[in-house]
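If you're matching them up, the sequences are chains A and B in order. Position 4 (the first sequence) corresponds to 4 in my numbering; numbering is contiguous. Just remember that my numbering sits 1000 ahead of the position in the second sequence, which is counted from 1.
It is worth saying that the hints were derived from the structure and are not from the lab. Bear in mind the structure is a predicted one, so any value in this text is a computation, not a measurement. We put the CB at the ideal spot given by N, CA and C, even for glycine.
Using 20 Å as the maximum straight-line C-alpha spacing, the simulated EDC-like pairs for lysine to aspartate or glutamate come out as follows:
hint : chain 1 : residue 1 : chain 2 : residue 2
1    : B       : Lys1126   : A       : Glu52
2    : A       : Lys79     : A       : Glu7
3    : B       : Lys1126   : A       : Glu53
Derived Cβ-Cβ restraints for the label pairs, each shown as a range:
hint : chain 1 : residue 1 : chain 2 : residue 2 : range
4    : B       : Arg1251   : A       : Thr24     : 47 to 53 Å
5    : B       : Val1043   : A       : Lys79     : 50 to 56 Å
6    : A       : Ala80     : B       : Glu1218   : 55 to 61 Å
7    : A       : Thr24     : B       : Ala1274   : 49 to 55 Å
8    : B       : Gly1229   : A       : Pro23     : 51 to 57 Å
9    : A       : Asp72     : B       : Arg1157   : 35 to 41 Å
10   : A       : Gly21     : B       : Asp1008   : 42 to 48 Å
11   : A       : Asp26     : B       : Glu1153   : 20 to 26 Å
12   : B       : Asp1047   : A       : Ser41     : 35 to 41 Å
13   : B       : Val1070   : A       : Ser41     : 17 to 23 Å
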Amino acid sequence: MAASEQEILAGLAEIVNEETGIPTGDVQQDKSFTDDLDIDSLSMMTIVVNAEEKFGVRIPDDDVKGLSTVGDAVTYIQKASA
Amino acid sequence: MTSSRLTDSQRVVVTGLGATTPLGGDVASTWSAMLAGQSGVKVLTEDWVEMLPVHIAAPVAVEPSEILPVPQIKRMDRSGQFALIAAREAWADAGAPEDEPERVGVVIASGIGGVTTLLAAYDTLKERGARRVLPMTVPMLMPNGPAAIVGLELRARAGVHTPVSACSSGAEAIAYAVDMIRSGRADVVTAGGTEAAIHPLPLAGFAAMQALSTRNDEPERASRPYDKGRDGFVLGEGAGIVVLETLEHARARGARIYAEVAGTGISSDAHHMAQPDPVGAGASRAMMQAVQSAGAQPSDVVHINAHATSTPIGDVAEVQAIRRALGDATDGACVSSTKGVTGHLLGAAGAVEAIATILALRDRKAPPTANLEDPDDDVTLDVVRGEPRVLPDGDVLAMNNSFGFGGHNVALAFRAVPA
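The whole structure should be built from the sequences, with the hints applied where relevant.
The following block contains the structure:
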């Protein structure tokens, strides 16, 4: 069964926290990875690869550019794993 | 003594010390264990040990994960973690000298670089594919990574450098830093060495050279410089970092001064890739340069922290080199090898041992050479064993030797600075 939106958000927050130390509570749907969370492109790639593994999806590099907020990533993962 | 021929803006002094070693997570614990002759060598418990002839090494006493947050740990090679921890200690110990970033430099060496990152990344590539290779892999494995990490931490903009000369790298970093200050490029330079190579590949490589001790059942007795029973070195890891600045700069800010780097000597053998010149010609030239550039005489040298790694050939070659350099004054210098307790920290060795030399001068106390029970007949030096040796007062020199595969020789001469 595919993960729920809440489960994806929680899982993503854990990955972000592990990579950057940002508290999981700060990783919310409306937050921009770059502007709000100050995540650089190298950390973003690690987060993407870890998310691929955790949720069993593939996020091509071209699509990563379109994931500006946490919510974008949650929606993408939810669709890709549906 | 002709340090007086240098002005106070050319004389370089040590104002901060930092270390993380097999003996302790800081300088104080490292130094007290050295004086007490407490070994940091252990039997390794990793599964891969079984495929190697060597089962022992000297890992750091305090894991970086106990100090640094996980996200930081994940973005740095282990050698970078050690360097950051030691540099923070040294910088705080120096009283965090304030200066324009353009006048602050960093010189941090490594013998092997980010070897554990490189090999782990290659395992990941083979087992899990290119996409799983971390984007930070290259910055983590590059040998200048630790220097860059410390440069970022200290906002150093006068230049960040990484000499690589195998086991003399850490000492070469200090010599380079002295040149950097004397040439006017910087006022304050944080310098030293770091190494994190306890991994089956470097161990297998050194073991293939028959360079490592295989005294697996007696880890604490395995590193035994100058002893008849020595059978190779023990691989250690860690970092040693010092803060250097001009005497003028240190006095202007009221800094506590440990010692002056009175002289430096660098030479190369052009003899063999991995064996010392048997008569120690290159090594003795480095030592003579260090004494001469300190404006001193061989008889001023009262203590030598030797390179002596506990290999059958190297220890004796250094004896020849010391005799050649100091001549009749050789017997006036007591010699210690602290590798008996630390193992061999490769690119960090010269820096950690420079710190030991500086502290020997400060405390007027030379540390014992651990495990020296039955001295080799060819070791015709006054080697400190058993208990620490009291050093004479006065305007004397203490010297640190470091030599590396490739025929690199570095000698550093330290002198106490009157208040």
